Amino acid sequence: MATPSTLDQGPSVTASMYSSGKYSDMTIICKGKTFKVHQCIVCLQSKPLAAAMDGKFKEGTSKEIDLEDDAPEIVEKMLSYMYTLDYTDGNQSIIVDSTETAMTPAKTKFHKKSGRTIEFVPSSITAPPSGLSQFSADALLTNTRVFVIADKYDIQGLKQLATKKYKVAVPNAWNCTEFVGSLRLLYEETLESDRLLKDVAVKTAGKHVKDLVDRGEFAALCRLNGELGFEILRASLTIKTCCPSCQGYGSVETYDNATWY
Amino acid sequence: MITGKGRQKIRPPRRPLIGSGDGEFDAMWAILREALKEIHEKNASKLSFEQLYRASYKIVLKKQGDKLYDKVKEFEEQWFGQEVMTAIGSLITPNLVKITLGVVAGTTANERRLLGEIFLTGLRSSWQDHITVMNMTTDVLMYMDRVYCADNRKASIFTTSMGLFREHILRSTFGKATENSGLTTFDILNSVILDQIGMEREGDVINRNLIRSNIYMLEGLYESDDETENEKLYLTVFEIEFLKASRNFYQKECQTLLRESDASSWLRQTKKRLLEEEDRCQTTISNLTAPKIAKVVEEEMVSSHLTEFLAMEGSGITAMIENDRYEDLTLLYQLISRVDPTKEPLKIALQARVLELGGDINKNISNTDLLTVPAAEEGEAAEGEKSKAPKQTQQGKQTTAAIKWVDEVLQLKDKFDTMWMNCLDEDLILQTALTRSFSDFINLFQRCSEYVSLFIDDNLKRGIKGKTEAEVDVVLDKATTLIRYIQDKDMFERYYKKHLARRLLHGKSESADVEKQMITRMKQEIGNAFTTKLEGMFKDMSMSEELTSGYRSHIRNLGDMDRKVVDLSINVLTTNHWPMESMGGANAREEGGRHNCTWPSEINTLQESFKAFYLKERNGRMLTWLGFLGNADIRCVFPKIPGKEGVLGRERRHEISVPTYGMIILLLFNDLAKGESLSFEEIQERTNIPTQDLSRQLHSLAVHPKCKVLTKDPASKDSPKAGDKFSFNEKFTSKAVKIKAPVISGSINKVEGEEERKDTEERNDEHRGNVIDTVIVRIMKARKELTHQLLFSEVITQLSQRFKPDLGMMKRRTESLIEREYLERVEEASAPTYRYLA
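Here the protein sequences line up with chains A and B, keeping their order.
In this text, residue positions in the first sequence follow the UniProt record's numbering: the first is 1, and each later residue adds one.
In this text, residue positions in the second sequence follow the UniProt record's numbering: the first is 1, and each later residue adds one.
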């Protein structure tokens, strides 16, 4: 075992189970990629997967499940969560307002990945940056897709985590195509009653509606999905009539009678 | 959520872009439908769960959950109608229906059992198939259940399908045979299961597992789709019928037992039935029923005819106690405690039994009392006939009887104690009841206080000799138990003091240690007030020992060796602590106060010397010498008698131990010349010993052969009386050097004679009177005014520790207090009331 420290022994044990694939008794196949996993880890956290393994279907005997409709990289994040209670979304903005040494790895990583050279600009919540936001923008999409898969396989903890990570990334990346993409995903791939992540996204959209309205893809999405448009409208009204810190919506009467409308 | 309303208004029509086309739904439903069919036909192993789950997931995402839900329901209903119901229908044969209706005669139990088993097996397999299939269906539709059903508050597919089973199978009528009768599958199922259980109760072997599976089915189904816990079909449909049938069964069984069996087999049968039913709930039906069916059995088998069984001749509770049928009693106790936490019937029966047996003991003793009295009066002839038992005086016999009484009471107590421990689970309620009954019958016996004290006396004198500490403890425990039962603690105290005084003064006590233990126990049991005087007695004894040795060294230091040395050992008794009247000195009472005899001069000097010594340190005390207590060792020299051979030809020296009075008498003869004699009157005049005591002393010195140092004239065996003459017996011989003069009475504790007893009671009553006076005055002083009723009940409570006051006596005492102007009657009060006069 790599780290004999008793404190983090638990996660490290399961992490090594995942990385080595040893004693695996279940296989997840996804678009040609194979994951050797453990029923005791996976099935205890996901009821549908458990049903597949326990039932009298094909999967029950072969102990092999083909998630042909899901993306391998997202499945990988889901499994990472199951084994380590965390996954990476590529976003680096968490450590933004720290010292420069802390920034360095982020910079190098950026270079490696995209191959583009961009000056590092410290960002803040009030002034969305143009450069670094690409990390966050990618993270927005990743987190949303993780959220969707978590919903599909009924993993509540993962939904929470994805929402948390989305919240961290969104202030840096709301003004991107990816933000609009995440909104679209949310409205197509989850049920309307599932408010967890939607509330975060809609609120952000409402806050920045003036800027977003100029983006072609945003306008197109709103036109296409009236429900989404309406919710964003209401969110923007709430922000105008209430203090921003207030999480609740304004009452119906307030915005119905507003002269502005 | 406010958004809900607005959203619905603005919801866009289904757009092809979101992919909600009907075509797509139909394609996916086709897949699912095909799969459901496969599942129902048990061919699921080729199906891909992932594909099916995804299909239902997509449908729900496309907001077509409602459509899917309805389709699945429709499919299930169809399947039921076509496949399952036909299968069940074929199970319900006309015969089965007839049995249910009870119209078929002539089918044997075995036929019925086989028929029932076929039905149950069929129903079970259909249920189990249904469950398996529905579990798989539910798995496939998991996303719909979780998201769609939860959001729209629809019963899950599983629940819905359970409802289908309930409605279409259990609540339906099948086949031609049932159509007319209106019997549902439920009715048939109930009747079959109950029939099978009935067979098992009769001793048949049935297939418990089969029934259990069907019961599981009922437990898994609910009255409605809400699935509330107390609406399980098991509870609403089966259990009621089961309890009803069981009640009928046990009613009949109990009647039969009452008619044909005894209490013993009733107990066993009931116990067996209870165990059976418990077992049945574990293995055949549901544990939920266990307490309810137990209650039915308890009510029908135990409560309903309890008293009849208890009263059964030869096997009822009397016989159980009589013959130590511990097993029966244990069972009885267990059963009764099930139905009645107060155990009232058992309590009453036990109490009655204790009183009865205790009453017998009392009666037996009273009878021996009556028998021995005439026997003793008839004299020695009668005594000679009376076996080879050692010669006993009448009183001695009674003492034995007293100890026998105590022994028997203890035996009875032991018997019930063993029973209590073995059979009654050391039940506290019953213990209290038993204790009360013991106390009741013991106190019914008038001499209990005396007898118990005698028992302790006997044990402390002889009984504990050679016993280990543990054994002594047992004896003391027994004694303590008895004391606890005695109501008139003051009487007991009186007797105990008397007996203790004798033990102490005559050195009869076996072990001072054990005596002290006994006192400690009584202290714990009755309280400090009770034992202070007893403790005082012990203190006096040890003080006296110190005094004696102090006095001896005082005498030695005087160096006055010329005097005739009389070795004095003294006991100084504190007047209050010792029961003077009852210790001896027959006439002491009559003459009022202490009787003083005339002491010989030698003794007088000794007394003076001791008195001086004693008062040196304790000024102002008064010492009274009690002649009737104590004893003396006297060295007697019998001269050789000339002309005689052998023993008489030598001078003989003997040490004679006599009571103090005896010493006084003997000293008189020191001064007599040879051949002279003293008459009874002369002796009395010179000694001033009371007649009765004198006669007794002379009897032991002049009549009794063991220590005949005086001769009596006329030499008869009669007790010495006035007119007799006494002289020194020079011819006295004895083999022993040390002789103890036989004691006629005094030092041995015996049962009191009638007169003595009356006396004791009178004195006790007198004492009680005073105590009652004090208590009344104390109460009235505090309360100023009190009704008669309240005052008396208060007095009784306050005195209950010591004795149970007699109502008449209380009335008399109150009267006398009014006369003495401590109290007055309140004239105007409606209820009789007293007022305290300061």
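Calculated directly from the structure, the hints in this document are not laboratory data.
These numbers come from a predicted model, not from an experiment.
A virtual CB, placed ideally from N, CA and C, is assigned to each residue, including glycine.
It cannot be assumed that every hint is accurate.
As the list claims (entries may be wrong) - Here are the simulated distance ranges between beta carbons: (1) Glu68(A) <-> Gly23(B): 53 to 59 Å; (2) Glu68(A) <-> Glu111(B): 26 to 32 Å; (3) Ala87(B) <-> Gly32(A): 54 to 60 Å.
Unchecked claim - Partial selection, computed: residues in chain B whose CB lies under 7 Å from chain A: (4) Leu47; (5) Met136; (6) Asp151; (7) Lys154; (8) Glu608.
Said to hold, decoys possible - With a cut-off of at most 20 Å between alpha-carbon atoms, the simulated DMTMM-like pairs for lysine to aspartate or glutamate come out as follows: (9) Lys271(B) <-> Glu227(B); (10) Lys63(B) <-> Asp66(A); (11) Lys58(B) <-> Asp66(A); (12) Lys63(B) <-> Asp69(A); (13) Lys62(B) <-> Glu189(A); (14) Lys154(B) <-> Asp194(A); (15) Lys46(B) <-> Asp194(A); (16) Lys154(B) <-> Asp69(A).
Hint check:
no. : hint                               : verdict
1   : Glu68(A) <-> Gly23(B): 53 to 59 Å  : violated (21 Å)
2   : Glu68(A) <-> Glu111(B): 26 to 32 Å : violated (59 Å)
3   : Ala87(B) <-> Gly32(A): 54 to 60 Å  : violated (46 Å)
4   : Leu47                              : holds (5 Å)
5   : Met136                             : holds (6 Å)
6   : Asp151                             : holds (5 Å)
7   : Lys154                             : violated (14 Å)
8   : Glu608                             : violated (97 Å)
9   : Lys271(B) <-> Glu227(B)            : violated (37 Å)
10  : Lys63(B) <-> Asp66(A)              : violated (25 Å)
11  : Lys58(B) <-> Asp66(A)              : holds (17 Å)
12  : Lys63(B) <-> Asp69(A)              : holds (19 Å)
13  : Lys62(B) <-> Glu189(A)             : holds (9 Å)
14  : Lys154(B) <-> Asp194(A)            : holds (18 Å)
15  : Lys46(B) <-> Asp194(A)             : violated (34 Å)
16  : Lys154(B) <-> Asp69(A)             : violated (29 Å)
Taken one by one, the earlier hints fail for this structure at numbers 1, 2, 3, 7, 8, 9, 10, 15, 16, listed in ascending order.
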